[in-house]
Amino acid sequence: MRTAGPDLPFYSTVPGIVWPAFPPEAGQAMLAAQFQFDQSQWWPAERMREQQFRQLHLLIAHATANVPHYRDHLMHAGLSAPEHISPETFLRWPVLDKRDLQSDAQRFEATSMPAGHGDWRLVTTSGSSGEPLRAATTDAAIFVQHALVLRSQLWYGFDFRRKHAFLRTFGASERFPDWGSPANAVFRTGPSTQTRATDDHRTQLEWICREKPEYLKAHAVTIRAILEESRRSGRVPDGIRAIIVYGEMLPHGTRELARELWHAALFDVYSASEVGSIAFQCPEHAGLHVQSEHVYVEVLRDDGSPCAPGESGRVIVTDLHNFAMPLIRYDLRDHARLADPCPCGRGLPVLEEILGRSGQIAVDPSGRRFLGHLNLGFWTTVAPIIQRQVVQLTPARLEVRYVAQRDLSPGEQAEIARNIRVAMRYDYEIAFTRVAQIARNAGGKFDDFVSIAPRVGV
Amino acid sequence: MKDHRPTSTAWSPTRSNKRQARTGVDPCGPDDQFHWCGPLQEGSDPSNCSYPPATVDNPHDRVAIPASSVAGIGFPAVPSARGQTMLALLFQLERSQWLAPQQILGHQFEQLRALIDHARAQVPYYRDHLRRAQIFTLAGISPASFARWPVLSRADVLGADEALLARNLPAAHGAFAWNTTTGSTGQPVRVATSALGALFQDALVLRSHFWYCLDLSLKFGAIRSGDHAPSAADWGSATRGSFDTGPAAFFGLSEDLGAQLDWLCRETPAYLLSRGHTLHSLIHESCASGRRPGGLKALLSFADRPPDDLRALAREVWDVPVFDTYSAGEFGALALQCPDHEHLHVQSENALLEILREDGSACAPGEVGRVVVTDLHNFAMPLIRYAIGDYAEAGEPCPCGRGLPVIRRIAGRSSNMAIDVNGRRFWPLLSPFMWIDTPITQRQFVQLTRARIEVRFVAPRDLTSAEEAIIRKGLLSTFRHPFEFSFVRVAEIARAPGAKFEEFISSLEGPQ
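Quick note, the sequences are listed as chains A and B, same order.
Final position of the first sequence in this note's numbering is 458; the numbers increase by one with none missing.
Final position of the second sequence in this note's numbering is 1512; the numbers increase by one with none missing.
The set of hints was computed from the structure by calculation and includes no laboratory data.
We put the CB at the ideal spot given by N, CA and C, even for glycine.
There could be a bad hint or two in this list.
[Said to hold, decoys possible] Cβ-Cβ distance ranges computed for the label pairs, FRET-style:
| id | chain 1 | residue 1 | chain 2 | residue 2 | range |
| --- | --- | --- | --- | --- | --- |
| 1 | A | Pro6 | B | His1341 | 19 to 27 Å |
| 2 | A | Gly5 | B | His1341 | 35 to 43 Å |
| 3 | B | Ala1147 | A | Arg196 | 39 to 47 Å |
| 4 | B | His1228 | A | Gly304 | 54 to 62 Å |
| 5 | B | Ala1147 | A | Pro6 | 24 to 32 Å |
| 6 | B | His1341 | A | Ser112 | 50 to 58 Å |
| 7 | A | Pro44 | B | Leu1508 | 56 to 64 Å |
[Stated by the list, open to error] Covered by chain A, according to a simulated footprint, are these stretches of chain B (three or more residues, beta-carbon under 8 Å):
| id | stretch |
| --- | --- |
| 8 | 1075-1082 |
| 9 | 1161-1174 |
| 10 | 1266-1273 |
| 11 | 1286-1300 |
[What the hints assert, rightly or not] Which residues of chain A face chain B? A few of them, derived with a C-beta cut under 7 Å, are:
| id | residue |
| --- | --- |
| 12 | Ala32 |
| 13 | Leu58 |
| 14 | Ile385 |
| 15 | Gln389 |
With the hints as extra help, turn the sequences into a complete structure.
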């Protein structure tokens, strides 16, 4: 027997009609999408793939006819028509590297568009790997992304009447009477408030305690840092029910910290600025469900073949709805581990874990690959290190670059090296270099871990 | 604080693809820039979207794919404006059915207050009515106070004439539309509704398609009254704009039974919609003639209470399920059969349906009472607490988990009520099994006096005395009173065009 979900506060604009509601046109479009998502999430995997390829054929027909970069791609893949593309033959379609996009973005822009996709939107982004990117998209493609944002709020059982807070990359601190798009097109929402993601974490924690939101959305590392600050200072905000994190890999232990400190549920969203939402944490389990209604995701081994459940590989993504600048088999430079189907019953594929950017993936000489995650407590307890970065030089050699007032003693170096070896589960050769500063990546962010070890190409 | 709700001014699909700068697609929100709703115009040309429409292999996968109106976008679909409206309603209906009964009632009263507010301001009948009643203030309408609202009879509706029509209708409700209903009294009632009211009725039809996992790509057939073309390219207004469907074929309810079966065998629809008794007669005719329609997947009965043996017969002879809809011309669908059980769920999102005892109090589960209906969305001619003349048995909450109230069965109309010499009044529960070994294909009981009931039947020959004796024994057990039964073989059991078939009618005069 199914149980009732929350009683949603639908927003009606037709005089006299309260229930069921008549939202404005934008809200009806949003609900029409949600209706479809509610059905499609339960489809068997084959049915979903069939529909994805139905959409992919339309995208490829458009891309090969109107986008210079893709003009000859069908031929390269040995195919004569878009309808011949299947999950198997699609593996022959050339993988798109970010650098191709950066070097000549115009070749990826459609010279002609079918009617109905709305305005053409130019997007400037730091890119998911910190490399600046100029991309184009359409209203129709953004609509799907917004519809997925609403899906995530519905999945996680948000009470739209409550207050929502956002820590945003763009925009100043501000208060709003509602949650903004997409929720406000559909629901009578509570208020929302936002502040800058770039403020210092103590200020952000103070802001949260003052604003008392019940839902919070921010970058994963920002939330982690605020939680750390909360633990350090003992300041705990009242009444946070749930947190959605996105943007970066979720630092280990963040979910547990949110639960223990704030008694809040934490939901992870895997997204990239070029394509938007890619996978959402299952409402009932820890795995992330690929948002197959929007993206076709492949997880590939180094030889280009598809990974089996349990294997990790490169994430290749196709945005099914961006006809302005189609991204077809786009290498996100992320690594993820594919999982078995979810026990929740949804047919959407599951990523067990996002391992990180290719540059953040550590290896050992046996070929084991894993996230070079070293954001652990020992750095500050062992030595007076101000900033540090671990660089993998070869599969067996690491270099610790650090900023400090003085050189580390041999004892301190030995203790840090021991911690690194335990964390990374390999007896690496580790060198220490004191530097004046740690360079930021192209996106202006500091990387804890960088690999410059030779990479096996596909 | 700025309000960044969407305005009614929205983007149109026909305008050029203008380039707009944007600092980034932030999935976080709030975003006051972006409100897109796809095409707003009916009939936008999705000619580039030439990929064949999705088909459905297994209806239980629930994989009906809406039709898209934007070229290049097939999945998820961007339906036409009407399609979006329907799917937006369907999304709400999918959720509201699982709400707790008290939550549903709370929402109904929110909507009821809006309806009464309108009725008081715009409908002369209610304006006077409320002044006379002097018991209602808008804020004060609750289930308890609403129970004191006078019941509107069919005679009141006929007598009120235009006083029940709204002088003004909010523009967003669309134009007036008219329904005429005959009922069993033969006295037609004309009921106005609005385009919006009709839309809600269509949404319930669409809900029924989803509840019963109908494969929309297949052919639909209907035997019904009224003027209609013999065929259509799609299933009609409920699905139009939201789903691509297979074709539909129609045939007249008053046509000869043999001709109806010929039509059914010729058209071979996957789904057949008709009144329960017509479906019942068709199956008997199929048995008698040995002709069986091919490709039939389900029968959809509507309007009147289907014969009790219809399900068993449909399963046995045609191997198909029956899904029943209790509907009335004044309101459209009032209750749909539960997808998992044989009883009916009130469609509370569109109608506040009460089952009342003689003293006006609400029936408890298991009790039979008169059906009183309020259409929550008909602002053109508000029908508030309208007694439609039917009696129904209230049910316990459904084990399926839906919070929609349960009607265990439609007992019938007052004119379908029997009375014995002791004054006991009841709706006869006519067992289908007593007819199995007889040649009877159709029958009707007419109570002539408190002691005498005539059994009119259609059969290829007269009954033998042994058959009559068996039937009499069964009827005694059914009626729990030794009525004097007389058997009359007739060529056909006549009824007015479009009128419901009634298995039991009383010809006794006056209130019973």
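Cross-check of the supplied hints:
1. Pro6(A) to His1341(B): 19 to 27 Å: 26 Å, holds
2. Gly5(A) to His1341(B): 35 to 43 Å: 22 Å, violated
3. Ala1147(B) to Arg196(A): 39 to 47 Å: For Arg196(A) against Ala1147(B), whose Cβ atoms are near 57 Å apart, the range 39 to 47 Å is violated.
4. His1228(B) to Gly304(A): 54 to 62 Å: At roughly 59 Å between Cβ atoms, Gly304(A) and His1228(B) fall inside 54 to 62 Å, so the hint holds.
5. Ala1147(B) to Pro6(A): 24 to 32 Å: For Ala1147(B) and Pro6(A) the Cβ distance comes to about 30 Å; the hint holds.
6. His1341(B) to Ser112(A): 50 to 58 Å: 55 Å, holds
7. Pro44(A) to Leu1508(B): 56 to 64 Å: Check passed, 59 Å falls within 56 to 64 Å.
8. 1075-1082: holds (count 6)
9. 1161-1174: Held - the stretch 1161-1174 of chain B has 3 residues with a Cβ nearer than 8 Å to chain A, which meets the minimum of three.
10. 1266-1273: violated (count 0)
11. 1286-1300: Coverage by chain A is violated for the stretch 1286-1300 of chain B (0 residues, Cβ < 8 Å).
12. Ala32: 4 Å, holds
13. Leu58: 5 Å, holds
14. Ile385: 33 Å, violated
15. Gln389: 27 Å, violated
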